[in-house]
Amino acid sequence: MTDTNHRELIVDQFTRQATVFSTAPAITDEDALRMIVEAARPASLDRLLDVASGPGLVVCAFAPHVQEATGIDVTPAMLERARKLAADKGLANVAWQQGDVYALPYQDASFTIVTTRFSFHHFLDPVAVLREMVRVCAPGGRIVVVDDYASEDPAKAAAFNRLEKLRDPSHSRCLTLPELKGLFGAAGLGEPDSTFYELRGDVQGLLGRSFPKPGDDLKIIEIFKASAADERLGVPVRLEGSTIYYAYPVVVLAATRPA
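Here this note's numbering is used: position 151 in the sequence shown is 151, and no number is missing along the way.
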């Protein structure tokens with residue numbers, strides 16, 4: 001798949017997901033957002049950039065702690081949600097830009113904190129994006145990457161990625177934890193600090209904010225049911241009556257850009 005085709009998939013999916021994604025409890029979880037802010041160690045004069053900022057939740061979480069906070073995203077509908085959220089919160093130190101995360105439209109060292117959340121599994125070349133994040137981050141600044149991660153068992157990782165691709169055609173590949181950490185070294189950063197939590201929910205809610213192809217929703221439900229018995233996805237899944245619950249493992253990785 002070409003970069004252009006993949007970008008079109010992302011814009012299509014997240015245009016449709018804009019409202020349901022931005023209001024989902026697992027995405028708006030204040031404890032999870034606080035964990036990201038704490039990992040970045042913000043100070044009042046910091047300048048934040050959130051890459052693939054979606055509905056602006058991370059930017060708005062940082063805004064009270066920094067001088068200015070900017071979000072960049074490829075999907076106009078997501079940026080509209082972000083502007084509404086910032087207006088509802090009365091935030092005056094935020095800005096939004098539509099743009100390409102592979103070629104960030106900012107000069108070197110423009111920001112002191114650069115973050116991204118739940119985006120790397122959508123990128124065809126995540127290390128290229130991370131290198132761009134490092135480029136626009138000032139020496140001594142903080143880089144924070146948040147994403148769910150796949151099992152280190154290749155078969156389980158492949159099954160999980162097949163499921164996520166069915167659920168969201170713009171999904172590229174969910175990396176394993178060692179792979180995510182390895183991106184930091186490849187981008188010229190040191191070993192990142194790691195904190196963990198789980199993205200929890202039920203499958204009906206997950207499908208409610210997803211737009212799989214017709215009929216794939218039933219396949220997804222069956223895969224989750226099977227995994228509750230044989231752990232084929234490599235993530236916790238349990239059945240309670242007719243409800244299927246999942247818990248995707250998430251890591252918050254943070255490192256300081258070398259001086």
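What the hints contain is simulated information worked out from the structure, not anything from laboratory work.
There could be a bad hint or two in this list.
As the list claims (entries may be wrong) - Simulated crosslink set (DSS-like; lysine-lysine; CA at most 27 angstroms straight-line):
| # | residue 1 | residue 2 |
| --- | --- | --- |
| 1 | Lys213 | Lys225 |
| 2 | Lys219 | Lys181 |
| 3 | Lys84 | Lys156 |
| 4 | Lys89 | Lys165 |
| 5 | Lys89 | Lys156 |
| 6 | Lys156 | Lys213 |
| 7 | Lys225 | Lys181 |
| 8 | Lys181 | Lys165 |
| 9 | Lys165 | Lys225 |
Stated by the list, open to error - With beta-carbon atoms standing in for the labels, derived distance ranges:
| # | residue 1 | residue 2 | range |
| --- | --- | --- | --- |
| 10 | Ala158 | Glu198 | 18 to 24 angstroms |
| 11 | Leu45 | Gly90 | 18 to 24 angstroms |
| 12 | Arg200 | Asp230 | 16 to 22 angstroms |
| 13 | Glu231 | Asp108 | 43 to 49 angstroms |
| 14 | Arg131 | Glu240 | 39 to 45 angstroms |
| 15 | Ala43 | Ala158 | 26 to 32 angstroms |
| 16 | Pro25 | Thr195 | 42 to 48 angstroms |
| 17 | Thr28 | Arg131 | 27 to 33 angstroms |
Backbone N, C-alpha and C fix where the C-beta goes; we use that ideal spot for every residue, glycine too.
Against the structure, the hints:
1. Between lysine 213 and lysine 225 the CA atoms are separated by roughly 19 angstroms; this keeps the pair inside 27 angstroms, and the hint holds.
2. Our distance criterion of 27 angstroms between C-alpha atoms is broken by lysine 219 and lysine 181, whose separation comes to about 32 angstroms.
3. The suggested pairing of lysine 84 with lysine 156 is violated, with an alpha-carbon distance near 39 angstroms, which exceeds 27 angstroms.
4. At most 27 angstroms may separate the alpha-carbon atoms for a hinted pair to count; lysine 89 and lysine 165 exceed this at roughly 34 angstroms.
5. With a C-alpha separation of about 41 angstroms, the suggested pairing of lysine 89 with lysine 156 is violated against the 27 angstroms cut-off.
6. With a CA separation close to 23 angstroms, the supplied pair lysine 156 and lysine 213 stays within the 27 angstroms bound.
7. Simply put, lysine 225 and lysine 181 have alpha-carbon atoms about 31 angstroms apart, too far for the 27 angstroms limit, and the pair is violated.
8. The suggested pairing of lysine 181 with lysine 165 holds, with an alpha-carbon distance near 23 angstroms, which does not exceed 27 angstroms.
9. A C-alpha spacing of about 17 angstroms is found between lysine 165 and lysine 225, which places the hinted pair at or below 27 angstroms, so the restraint holds.
10. Between alanine 158 and glutamate 198 the C-beta distance comes to about 21 angstroms, which sits within the given range of 18 to 24 angstroms.
11. Between leucine 45 and glycine 90 the Cβ separation comes to about 21 angstroms, which falls inside the hinted range of 18 to 24 angstroms.
12. Evaluation of the 16 to 22 angstroms hint for arginine 200 and aspartate 230 yields a pass: the beta carbon distance comes to about 21 angstroms.
13. As the Cβ distance of glutamate 231 to aspartate 108 is approximately 45 angstroms, the hint placing it in 43 to 49 angstroms holds.
14. Taking 39 to 45 angstroms as the suggested C-beta distance range, the pair arginine 131 and glutamate 240 conforms, at roughly 44 angstroms.
15. For alanine 43 and alanine 158, the hinted distance range of 26 to 32 angstroms is not satisfied, since their beta carbons lie about 43 angstroms from each other.
16. The given range of 42 to 48 angstroms is broken by proline 25 and threonine 195, whose C-beta atoms sit roughly 20 angstroms from each other.
17. Roughly 30 angstroms separates the CB atoms of threonine 28 and arginine 131, a value that falls within the hinted 27 to 33 angstroms.
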